[in-house]
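Novice: Listed below are the residues making up each chain.
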Amino acid sequence: AQKVTQAQTEISVVEKEDVTLDCVYETRDTTYYLFWYKQPPSGELVFLIRRNSFDEQNEISGRYSWNFQKSTSSFNFTITASQVVDSAVYFCALSENSGYALNFGKGTSLLVTP
Amino acid sequence: ETGVTQTPRHLVMGMTNKKSLKCEQHLGHNAMYWYKQSAKKPLELMFVYNFKEQTENNSVPSRFSPECPNSSHLFLHLHTLQPEDSALYLCASSHLRGNLNTEAFFGQGTRLTVV
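Chains as they are written, first to last, in my numbering: chain A, 1173 to 1286; chain B, 11 to 125.
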């Protein structure tokens, strides 16, 4: 069963638009970590953020913000005033006590056009 | 500088060749991983090493053979591959607290083409 669902396969926006990437997860653990990664065309997975299950405080880093809501098992990612350089595939991932490796969603491909 | 370095970045090999992918991490992590990423497919976990011990092998064909000589180095030995094995191979390292990944970083990947 898929533990991390990224329902949006592809999103296309025009530069300067705001865009939200959705992530819904499933776990029975009370302690877990959630991650977002960016994969530009070069291929490397770039770490963006990590949240632990006890910290629901939303986080903002420049144009990036994350909304973690345990009540809906969601960890959404918003890019404000998108730029062409934001074009990439974005992955949400879950780390649980019941396994070593990260569970990845299928990714959302974001295209930002000028 | 990601702290996880993979070589080579690109590799083209014939089906009868033997080659190895190398991964090195400088982050003091205690676990290392190989992932495969094929076009239009999600990331697939191949192998997990925790403190140099292989803890997971997700039904990977024997033509892929991992080696972890120490907690900083990880290899993936390749032999008699098939064209469908062409993919991006990503190495990752993480800090495990028990079974829980508290941080995980990836290398830049090796783009493998089997001809």
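A portion of the hints provided could be inaccurate.
Claimed, not checked - For lysine to aspartate or glutamate, the following DMTMM-like pairs were computed, each having C-alpha atoms within a straight-line distance of at most 20 Å:
1) K50/B with D1201/A
2) K46/B with E94/B
3) K1175/A with D1194/A
4) K1210/A with E54/B
5) K1175/A with E1198/A
6) K1210/A with E77/B
7) K1188/A with E1198/A
8) K29/B with E94/B
9) K51/B with D1201/A
10) K50/B with E113/B
11) K1175/A with E34/B
12) K50/B with E34/B
13) K50/B with E1198/A
14) K1175/A with E94/B
15) K32/B with D1201/A
16) K32/B with E77/B
17) K29/B with E113/B
18) K1175/A with E54/B
19) K1242/A with D1258/A
20) K1278/A with E54/B
21) K1210/A with D1258/A
22) K51/B with D95/B
What the hints assert, rightly or not - Residues on chain B that point at chain A, a partial pick, calculated with CB under 10 Å:
23) V58
24) L110
25) T112
26) G117
What the hints assert, rightly or not - Some residues of chain A that are not near chain B, with every Cβ distance over 12 Å (derived):
27) F1240
28) N1269
29) A1273
30) N1275
31) K1278
Derived from the structure by calculation, the hints contain no laboratory data. We put the beta carbon where it would ideally sit given N, CA and C, even for glycine.
Novice: Find the nearest Cβ of chain B to the Cβ of N1275/A and say whether that gap is larger than 12 Å.
Specialist: For N1275/A, whose nearest Cβ neighbour in chain B is about 9 Å away, the distance does not exceed 12 Å, so it is violated.
Novice: Please confirm whether K1278/A is truly not at the interface, meaning its C-beta sits more than 12 Å away from all C-beta atoms of chain B.
Specialist: 4 Å, violated
Novice: Would the hint linking K1175/A and E54/B be met if the CA-CA limit is 20 Å?
Specialist: 14 Å, holds
Novice: Quickly compare the C-alpha distance for K51/B and D1201/A to 20 Å and report which way the hint goes.
Specialist: The given pair, whose Cα atoms are some 27 Å apart, is violated under the 20 Å limit.
Novice: Straight-line Cα separation of K1175/A and E1198/A no greater than 20 Å?
Specialist: 5 Å, holds
Novice: So if I understand the rule, the pair passes when the alpha-carbon distance is 20 Å or less; does K50/B with E34/B pass?
Specialist: Violated, at about 27 Å.
Novice: Holds or violated: are the alpha carbons of K46/B and E94/B at most 20 Å from each other?
Specialist: 12 Å, holds
Novice: Please work out if K1175/A and E94/B have their alpha carbons no farther apart than 20 Å.
Specialist: Cα-Cα ~26 Å, so violated.
Novice: For the pair supplied as a hint, K1175/A and D1194/A, is the alpha-carbon distance within the 20 Å limit?
Specialist: 14 Å, holds
Novice: May I ask you to test the interface hint for T112/B with respect to chain A, counting a Cβ-Cβ separation under 10 Å as satisfied?
Specialist: Given a least distance of 6 Å, the restraint on T112/B holds.
Novice: Would you check the hint for K50/B and E1198/A, treating anything up to 20 Å between C-alpha atoms as holding?
Specialist: Violated, at roughly 23 Å.
Novice: Check the hint pairing K1210/A with E54/B against an upper bound of 20 Å on the C-alpha distance.
Specialist: 17 Å, holds
The structure does not agree with the numbered hints 1, 6, 7, 9, 10, 11, 12, 13, 14, 15, 17, 19, 28, 29, 30, 31 stated previously, though it agrees with the rest.
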